[in-house]
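Going down the list, the sequences are from chains A and B. Each step along the first sequence adds one to the number in this note's numbering, with nothing skipped, and position 65 is 65. One gets this note's numbering by counting positions in the second sequence from 1 and adding 115 to each.
Think of the hints as simulated: they come from the structure by calculation, not from any bench. Each residue gets a CB set at the ideal place from its N, CA and C atoms; glycine is no exception. The reader is advised that the hints may include incorrect statements.
Said to hold, decoys possible - Quick list of in silico lysine to any residue cross-link-like pairs, SDA-like style, CA-CA up to 20 Å: (1) Lys-172(B) with Glu-103(A); (2) Lys-191(B) with Gln-117(B); (3) Lys-57(A) with Gln-151(B); (4) Lys-57(A) with Thr-141(B); (5) Lys-172(B) with Thr-141(B).
Stated by the list, open to error - Counterexamples of contact, computed for chain B against chain A with all Cβ distances above 10 Å: (6) Glu-129; (7) Gly-146; (8) Pro-158; (9) Val-165; (10) Lys-196; (11) Asp-210; (12) Lys-211; (13) Pro-224.
Claimed, not checked - Here chain B is said to cover these stretches of chain A; the calculated rule only asks that three of the stretch's residues, wherever they fall, bring their Cβ under 8 Å from a Cβ of chain B: (14) 36 to 43; (15) 103 to 114.
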Amino acid sequence: IAGITQAPTSQILAAGRRMTLRCTQDMRHNAMYWYRQDLGLGLRLIHYSNTAGTTGKGEVPDGYSVSRANTDDFPLTLASAVPSQTSVYFCASSRLAGGGYNEQFFGPGTRLTVL
Amino acid sequence: GQNIDQPTEMTATEGAIVQINCTYQTSGFNGLFWYQQHAGEAPTFLSYNVLDGLEEKGRFSSFLSRSKGYSYLLLKELQMKDSASYLCAVSDNTDKLIFGTGTRLQVFP
Chain A
1 IAGITQAPTS
11 QILAAGRRMT
21 LRCTQDMRHN
31 AMYWYRQDLG
41 LGLRLIHYSN
51 TAGTTGKGEV
61 PDGYSVSRAN
71 TDDFPLTLAS
81 AVPSQTSVYF
91 CASSRLAGGG
101 YNEQFFGPGT
111 RLTVL
Chain B
116 GQNIDQPTEM
126 TATEGAIVQI
136 NCTYQTSGFN
146 GLFWYQQHAG
156 EAPTFLSYNV
166 LDGLEEKGRF
176 SSFLSRSKGY
186 SYLLLKELQM
196 KDSASYLCAV
206 SDNTDKLIFG
216 TGTRLQVFP
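Isolated chain A, as found in the complex:
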């Protein structure tokens, strides 16, 4: 693995189903993030984690949950998917949680369609 990976690449899901999007980074970054990107709305932060064992809510957390059991993995779960969660989901990581220069590296994205 080099950098940050996401799985699956794309998924079509029936409404009401549970889905977990996976994200793994091998850069030993402390902070990780989940965004959704919708046409005309840009990237919006769903949840974040400043370090393993901690998580926080972003701008649009409702309907999503995350966990950070270790440094490398940051899965995003949709407990009961709804059509409004149709979007492209990006996972990102950064070396530090803050304090100035804090470039975020993005995974390739997961395109999710909820029918």
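With the hints as your guide, set chain B onto chain A.
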């Protein structure tokens, strides 16, 4: 509230210069980032400004004025491969990135 504004679309000709503006109003300021995103791909880092002034990196330059809440990304000697969306993002007082909606740049031959 937090707000970042940038034009939705711009067009330019190969070899030309284009300036993409970004204005922001955020809760605190810990720096401004520009990212490039080709269609169907992930955003990739272009530049970071935290102090006023111009940062130059090859064909790309980024300018910041903190007092005006304003930045621009300058792309010189445009190439077809520069056709992409350009995202302006501000690191606020929680050190989270607030993204603008992006500017889609189309470069024509």
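- Task: Report holds if the minimum CB distance from Asp-210(B) to chain A is greater than 10 Å, and violated otherwise.
- Result: Violated: least Cβ distance 3 Å, not greater than 10 Å.
- Query: Is the Cβ of Pro-224(B) more than 10 Å away from each Cβ in chain A?
  - Reply: Given a closest Cβ separation of 27 Å, the condition holds.
- Query: Within 20 Å, alpha carbon to alpha carbon, are Lys-57(A) and Thr-141(B)?
  - Reply: holds (18 Å)
- Message: Would the non-interface assignment of Pro-158(B) survive a Cβ cutoff of 10 Å against chain A?
- Response: violated (5 Å)
- Does the no-contact call for Glu-129(B) survive, Cβ to all of chain A over 10 Å? Glu-129(B) is indeed farther than 10 Å from all Cβ atoms of chain A, at 27 Å.
- Query: Holds or violated: the segment 103 to 114 of chain A covered by chain B, criterion of 3 or more residues with Cβ-Cβ distance under 8 Å?
  - Reply: holds (count 7)
- Say whether it holds or is violated: Val-165(B) keeps its Cβ farther than 10 Å from all Cβ of chain A. violated (7 Å)
- Message: Check whether the Cα positions of Lys-57(A) and Gln-151(B) lie no farther apart than 20 Å.
- Response: It is violated: about 26 Å lies between the C-alpha atoms, which goes past 20 Å.
- Query: Does the alpha-carbon distance linking Lys-172(B) and Thr-141(B) stay inside the 20 Å limit?
  - Reply: Not satisfied, since the Cα-Cα distance of roughly 26 Å exceeds 20 Å.
- Item | Non-interface claim for Lys-211(B) versus chain A (Cβ beyond 10 Å) | violated (6 Å)
- If you draw a straight line from the CA of Lys-191(B) to the CA of Gln-117(B), is it 20 Å or shorter? Distance ~30 Å between Lys-191(B) and Gln-117(B) Cα, so the pair is violated.
- Item | Consistency of the no-contact label for Lys-196(B), given chain A and a CB cut of 10 Å | holds (19 Å)
Hint check: violations occur at hints 2, 3, 5, 7, 8, 9, 11, 12; the rest are consistent with the structure.
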